[in-house]
Structure formats: C-alpha cells, structure tokens
Amino acid sequence: MADIFWWVIFPYITLTIMILGLLYRYAFRQLTWAAPSTNFFEKKWLRIGSPLFHYGIVFAFIGHVMGMVIPMEFYQALGISDHLYHMGAIWGGGLAGLMVVAGLIILLIRKMTIDPVRIKAGFADFFSVLALLFVAGTGTYMTIIFNTMVIEYEYRETIGPWFRSLFVFMPKYELMSGVPFIFKLHVVSAFALFASIPFTRLVHIFSFPIKYPARPPQQYRSRSNYRKQGL
Amino acid sequence: MRIKAQVAMVMHLDKCIGCHTCSVTCKNTWTNRPGTEYMWFNNVETRPGPGYPKRWEDTDRYKGGWELQNGKLKLRAGGPITKLANIFYNPNMAEMEDFYEPWTYDYDNLIHSPKKENLPVARPVSEITGKYIDKPEWGSNWDDDLAGGSEIVPLDPNVEKMQEHIKMEYEKTFMMYLPRICEHCLNPSCVASCPTGALYKRDEDGIVLVDHDACRGWRFCQNGCPYHKVYYNWNTHKAEKCNFCYPRTEAGLPTICSETCVGRIRYIGVVLYDADKVKEAASVEDPQDLYEAQLSCFLDPFDPDIQEKAKEAGITDAWLEAAKESPVYKMAMKWKIALPLHPEYRTMPMVWYVPPLSPIMNHITNEDELDTDGYIPAVDQMRIPVEYLASILAADDTEVVRKVLLKLSAMRVYMRGKTVGGVDEFKQSELVKEANTTPEEIEEMARLLGIAKYDERYVIPTGRREMDDDLHYKQGTCSLEDLAPAEGVNPTFGMMKVRDNL
Ligand code: SF4
Ligand code: SF4
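So the sequence lines, in the order shown, correspond to chains X and W. Residues in the first sequence are numbered from 0 upward in steps of one, following numbering that gives the first Met the number 0. Residues in the second sequence are numbered from 0 upward in steps of one, following numbering that gives the first Met the number 0.
Simulated from the structure, these hints should not be mistaken for laboratory data. Do not rely on the hints blindly, as some may be mistaken.
[To be verified] With a cut-off of at most 30 Å between alpha-carbon atoms, the simulated DSBU-like pairs for lysine-lysine come out as follows: (1) W:K402 to X:K42; (2) X:K43 to W:K335; (3) W:K335 to W:K417; (4) W:K323 to W:K14; (5) X:K42 to W:K171; (6) W:K160 to W:K171; (7) X:K42 to W:K160; (8) W:K166 to W:K130; (9) W:K276 to X:K210; (10) W:K130 to W:K14; (11) W:K73 to W:K62; (12) X:K210 to W:K73; (13) W:K14 to X:K42; (14) W:K171 to X:K210; (15) X:K110 to W:K278; (16) W:K417 to W:K310.
Owing to the predicted nature of the structure, the values given are computational and were not obtained by experimental measurement.
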C-alpha cells in the first residue's frame with residue numbers, strides 16, 4: 000500500500016500541482032513571473048554562487064536525463080560497460096552535485112547575511128533554497144559517498160524504468176520496493192520540490208530564452224494592431 | 000523604404016535653469032512606488048560631473064550600446080550567445096551603490112518624540128531595508144551645481160579624456176545642466192539586449208516600451224542602454240523605463256516633463272524616418288560620421304513622393320501635417336542646431352540638444368564695441384570648452400558644435416541689432432557666412448527658440464484609436480494597473496512579499 004502511495008499517487012499529485020499551478024500563474028499572474036534577481040543589491044558573492052549553482056544544475060539535469068530517461072540497454076548497445084558508466088556518473092555527477100551544493104551554500108549564506116537581500120527574501124525564497132539544498136545534498140551524497148562506500152547501486156534497473164513508466168501512465172511501482180532508503184528520499188523530496196515550483200521563484204526555469212539568438216535584434220510592435228498580428 | 004513616424008524631443012540647453020521640476024513631476028507621475036524609488040526616468044545633471052547613475056558614460060565598465068566589430072554592428076556587452084552564457088549573472092550591471100540606496104526620513108519621530116532636552120530629529124531610513132542609514136553618502140544630484148567641486152568633477156568621463164585641464168577656480172570654471180530622459184532611439188540597444196523580446200519600439204510613434212507581462216527580469220537592458228535609462232525594479236523584478244508619457248502623447252498632450260518645464264526648454268514633434276536605413280546608418284565606420292548618417296535617415300515631410308509613401312504605410316494626414324509643423328524637424332534636421340547625445344553609442348538617439356551659448360557671451364566684456372565678426376573668435380574661447388560639448392554631443396567633432404554655436408551667435412547678434420541697434424552691416428559679415436544662415440532663417444529660429452507658445456513647441460498628433468475594440472471599457476483605466484499598488488496600501492505582489500518594514 001505504502002508503495003502505491005509513494006510511487007504512484009504522490010508523483011502524480013505533485014506533477015499535477017506543478018502543471019496546474021504553472022498554467023494558473025502563466026495565465027493570471029504573469030506580472031509576477033520573473034527571475035527575481037538581487038544582482039542589483041549585491042554582486043560579489045552572487046558572481047561566484049549563482050553561476051556555480053546554475054551551471055551545476057544544468058549538468059546535473061543532463062546527468063539525470065542520461066541515467067533516468069535513456070534506458071540501460073542503450074549504453075549496452077553502445078558497448079559502454081556498467082563499470083565505465085558508473086565511473087562516469089560518479090565523477091561527472093559528483094562534480095555537478097558539488098557545484099550545486101557549493102553554489103547553494105554560498106547563495107544561502109548571502110541570503111542570510113546581506114541586509115537588503117535577506118530583508119527582501121520571503122518565505123518562498125528561503126524554502127526554495129533549502130529544498131534544493133536538501134535534494135541536491137541527498138543526490139550528491141548518493142553519487143559520491145553511497146556509491147563508493149556502500150554499494151555501486153544500479154538505479155538504471157529500478158528507478159529509471161519506474162520513472163519512465165510514470166509518463167506512459169503504467170507506473171511500475173513494484174520496482175521501487177527494494178531501492179535503498181537514501182535514493183527513495185531523494186526521489187520523494189524531488190517530487191515535493193516540483194510541486195512547489197509554481198509558487199516560488201523557481202518558475203524562471205521555464206523562461207530560458209532559447210529563441211533569443213534566432214530573433215532579429217530590433218523588435219517593432221504596432222500599437223493598434225499588435226494583438227491582431229498575434230504578437 | 001519602410002516609413003515610420005517618431006515622436007521626438009528637442010531640449011534647448013541655454014534655457015534650462017536646473018530647477019528639477021521636470022524630474023519631480025515625472026517621479027510623481029510614474030515612479031512613486033516601492034521598487035522605483037531610485038528610478039529617475041527624467042533626471043537633470045550638472046555638467047561637468049559624473050551624472051546619474053555615477054559615470055554612466057563609462058562604456059568600458061557598463062558596456063552599453065553598440066560597437067563596430069569588423070565592420071559589423073555588435074552589442075558592446077556581447078551578442079545573444081554571450082548573453083545566454085552570462086544569464087545567471089550579469090557582470091556589467093550597475094549596482095545600487097552606483098545609484099544610491101533610496102531613503103526617507105523618520106518623520107514620525109518629530110511628532111511622537113517624548114519631551115526631551117534636545118530637539119528630536121528625523122533620521123534617514125533606508126526605503127529598502129527599513130534600517131537607519133547613519134550617513135547617506137550619495138544620491139541623484141548629490142553633485143548638483145558642482146557640489147563636491149574638484150573632488151567630484153574629475154569623475155566625469157568626458158573630463159577625463161580632455162586634453163586641457165579643467166579649471167576649478169570659481170571665476171574660471173563652467174557649468175551647464177543636462178536634463179536626460181530615455182532617447183527613444185532609432186536603433187535601441189536595450190531592445191536588442193532583451194533575451195525575451197519584452198522591449199519593443201512602437202511602429203506608430205517610435206516610443207520604446209517594456210512589455211511587463213513578457214519581461215522576465217534578466218536585466219541585460221539595464222546596462223545595454225548606454226544612457227542607463229532602463230531601471231530594474233527590485234520589487235516587481237521587471238525593467239522599467241521612460242515611456243514618453245504615452246498615455247499623454249496619444250491624447251496629443253506633451254510629456255509631463257515638458258508640460259511642467261519651467262524654462263520652456265522642451266519641444267516635441269513628429270519626424271518621419273526610413274526604418275530600412277537605420278542599420279546601415281548606425282554602422283558607418285567613423286563615429287564622427289554618425290551624426291550625418293543619422294540625419295540621412297529622416298525624410299522630408301514636404302516631399303509629395305514621401306507623403307504618398309507615408310500614406311501607403313498607414314500614416315494619417317494628421318500625422319503628416321504634424322510632421323510639417325514639427326519643431327523637432329525644424330531644429331534638428333532643417334536648421335541643424337540640435338545635436339544627438341553621444342552619437343558614438345550608435346543607438347541613434349531621438350532626444351536632441353541645442354548646445355548652450357550664454358557662457359561665451361559672459362566672457363565678452365565690451366560687447367558694445369564688438370563688431371559682428373568679433374563674435375567668431377569668441378565662439379572658440381567660450382567658457383564651456385567646445386571640446387567638452389563635442390565630447391557629449393558630437394563624438395568629439397568640435398567642428399559640428401562650433402557650427403551650431405556660430406549660428407546661435409549670429410542669431411544673437413542679429414536680434415540684438417534689431418532690437419538694440421548699433422551693430423554694423425550684418426548681411427555682409429563673415430559671421431553670417433561662416434554660420435551659413437540668413438536673416439529669414441534667423442527670425443524663424445529666434446521665434447521658435449525664444450517666444451514660441453505652447454502649440455508651437457508641442458505639435459503632437461493624437462494616437463489612432465478607431466481600431467480599438469473596447470474603448471468604452473478602457474476609459475479611465477490606468478496604464479500601470481496591476482503594477483502600481485493602490486494609493487496608501489502596503490502592496491503584495493502575487494506570491495512575493497513586499498516591504499512591510501516601512
Ligand atoms: S535611450 Fe531609451 S531607447 Fe535608447 S537604448 Fe536607452 S532605453 Fe533604449
Ligand atoms: S523643468 Fe525644464 S528648466 Fe527645470 S530642470 Fe527641467 S528641463 Fe531644466
């Protein structure tokens with residue numbers, strides 16, 4: 000029963016909250032949709048913390064795609080041995096994880112000690128940083144310490160297929176029962192974090208201006224016709 | 000040819016008295032909300048001086064505007080790829096200390112202080128943190144009227160590059176006011192800097208605006224504008240800038256800074272330009288050619304061919320008529336007495352400045368005995384060095400500024416001859432020839448610069464509204480709706496907490 004709750008109901012509930020929340024905020028609260036930067040208040044620490052964290056999380060994201068989304072058979076077909084894969088994951092993932100954690104700690108200390116930044120930060124801002132720190136902390140611990148000290152756990156046989164099964168609406172929750180606790184904790188806390196995205200500054204993840212290099216530098220809009228032109 | 004209309008402004012610097020009325024009325028209209036305290040859509044700076052924000056002309060530091068790289072026009076702060084790589088941290092952005100930490104005073108203490116031996120004082124309180132500021136050390140206009148003197152003046156980037164040492168002795172020094180708003184450029188680098196495309200230039204009137212729904216707060220526009228006229232609202236996390244009071248200009252009224260200008264230095268009018276020419280003009284090799292290149296983008300509203308094409312482009316008769324009467328067209332394009340601010344930034348600014356003249360004449364002691372041609376060398380010895388003006392208004396081309404000053408001097412001599420008498424034959428003088436003008440032109444100029452009334456200074460056609468669907472609904476709505484808190488209310492923005500310390 001508990002398995003069904005944690006590996007079927009909980010992920011779907013959190014993802015639903017995330018999607019509906021995002022739609023709601025996009026439709027009705029766009030004025031609040033921004034990357035709420037404090038670059039204006041303080042720049043010395045942000046300069047180190049922010050790129051460290053953000054680039055780390057981009058790498059970590061790529062790592063998760065490689066581990067969770069791409070099936071194990073793919074690597075085997077390419078002739079990449081399990082050991083080689085794990086060495087790559089430990090080194091690459093470990094580095095990304097450390098970047099994220101170090102970046103977050105710098106940002107958190109900055110948020111707590113620099114006056115205007117602290118005073119202007121709300122509950123949601125601290126929550127996001129702490130939640131990210133928890134998720135990233137467990138992830139980094141798994142990658143570096145658990146994998147090397149306890150057991151080189153093959154999550155590509157359990158968590159990976161379970162994660163993919165969520166998206167075809169046939170969750171294979173039974174795969175998750177034997178997963179080590181620390182991995183379970185990482186997954187559950189990550190889904191909880193997803194649910195919080197629409198209500199925090201994290202919405203800016205979805206704003207990465209990917210189209211910028213392709214658009215003409217100058218933008219004209221017509222005062223009276225721009226709605227009709229669909230802009 | 001893509002004909003577009005632009006509502007532009009001329010400021011006649013001779014008449015600015017540095018009263019800051021424009022800044023204050025602008026602030027009361029647009030930026031009296033939390034997060035906007037430090038924003039001065041209109042500011043008036045004393046020159047020489049560092050300006051606002053401090054040293055905004057230091058393009059090496061803020062990397063605003065455009066530059067030519069191998070003959071191609073590029074954003075100085077880097078193109079889209081560089082921007083996306085820097086999106087997590089903007090290295091070139093000005094910080095709060097380059098502006099100032101906005102503060103108010105603890106007025107409450109004056110009223111509620113218990114009986115004490117000493118008078119209660121209102122201490123400065125930060126409008127951001129709500130904490131006392133022991134000693135405010137900088138603010139906009141901290142250096143007004145050369146306050147700070149020889150310590151502050153050298154911070155001016157224009158002074159830095161001048162050959163001649165600026166004299167700071169009271170009798171020899173110079174000073175002028177420079178009111179600044181957003182230039183509503185033809186080639187706005189703020190627009191090109193925006194990763195989301197939230198900034199745009201309007202087809203109809205060329206006003207450059209921020210779409211707040213689309214703005215994501217990436218802040219590249221803030222330093223992307225070489226004039227530093229886009230501000231980041233720390234409260235809503237959106238960019239804000241001068242909007243040329245579009246709700247007023249659409250109704251045919253001048254901007255609030257112009258409406259209230261005490262010196263009546265401001266002129267607003269329509270000019271027609273060819274949008275297809277802009278990029279080429281902004282890409283000319285020599286920065287000193289940019290002024291002429293910019294002038295070549297404008298179209299003659301009296302040319303029947305242009306009128307025809309403008310109508311095809313959807314420009315109405317009312318706008319064409321206004322373009323003919325436009326004071327901006329007269330001063331900047333026809334008489335060429337108004338110059339663009341820092342043309343070398345290659346943004347093609349659309350607020351033009353008539354350089355100040357009066358201080359030269361203060362230099363002359365025996366004006367009664369001076370013959371007309373005696374004014375020619377006077378122009379070169381003026382109290383505000385031509386070099387300084389050229390650094391601000393002509394990409395260091397002193398000849399451009401000199402020509403304008405000669406014309407203005409010729410006007411002064413001619414009008415003086417007319418009203419006071421006593422000058423020698425004007426029409427044959429060297430001055431008229433050098434200034435390349437005629438008495439007819441001078442009389443027209445003198446009228447517009449000196450005594451023009453409201454409807455000659457502001458020739459603004461109304462915006463078209465006939466295609467709007469629900470005008471009745473829009474009646475009385477506020478363009479800052481959702482953005483500005485209702486008056487007197489401690490605001491909350493969606494899910495973000497906003498100051499509750501004050
Ligand atoms: S002056 Fe105005 S239009 Fe020009 S770049 Fe700056 S903000 Fe943009
Ligand atoms: S109101 Fe007019 S005269 Fe006064 S400072 Fe502003 S521009 Fe100058």
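These are the hints, each one checked on the structure:
Among the hinted pairs, K402 (chain W) with K42 (chain X) is inconsistent with the structure: their alpha-carbon atoms are about 45 Å apart, more than 30 Å. This hinted pair does not check out: K43 (chain X) and K335 (chain W) have alpha carbons roughly 46 Å apart, beyond 30 Å. Simply put, K335 (chain W) and K417 (chain W) have alpha-carbon atoms about 23 Å apart, close enough for the 30 Å limit, and the pair holds. Between K323 (chain W) and K14 (chain W) the CA atoms are separated by roughly 25 Å; this keeps the pair inside 30 Å, and the hint holds.
Proposed proximity of K42 (chain X) and K171 (chain W) is contradicted: the alpha carbons are some 41 Å apart, above 30 Å. Under the criterion of a C-alpha separation no larger than 30 Å, the hint pairing K160 (chain W) with K171 (chain W) is consistent with the structure, at around 20 Å. A distance of roughly 29 Å separates the Cα atoms of K42 (chain X) and K160 (chain W); the hinted pair therefore holds under the 30 Å criterion. Proximity of K166 (chain W) to K130 (chain W) is assessed by CA-CA distance (about 41 Å); at most 30 Å being required, the pair is judged violated.
The straight-line distance between the Cα atoms of K276 (chain W) and K210 (chain X) is roughly 26 Å, inside the 30 Å bound, and the hint therefore holds. Distance hint between K130 (chain W) and K14 (chain W) is unfulfilled; the C-alpha atoms sit about 41 Å from each other, more than 30 Å. With a CA separation close to 11 Å, the supplied pair K73 (chain W) and K62 (chain W) stays within the 30 Å bound. Note on K210 (chain X) and K73 (chain W): the hinted pairing holds, with a Cα-Cα distance of about 18 Å set against a maximum of 30 Å.
A threshold of 30 Å between alpha carbons decides the hint, and for K14 (chain W) with K42 (chain X) the separation of about 40 Å lies outside it, so the pair is violated. With a C-alpha separation of about 55 Å, the suggested pair K171 (chain W) and K210 (chain X) falls outside the 30 Å cut-off, and the hint is violated. Using a Cα cut-off of 30 Å, the hinted pair K110 (chain X) and K278 (chain W) is violated, with the two alpha carbons roughly 43 Å apart. With a C-alpha separation of about 43 Å, the suggested pair K417 (chain W) and K310 (chain W) falls outside the 30 Å cut-off, and the hint is violated.
Violated hints for the displayed structure, listed by number in ascending order: 1, 2, 5, 8, 10, 13, 14, 15, 16.
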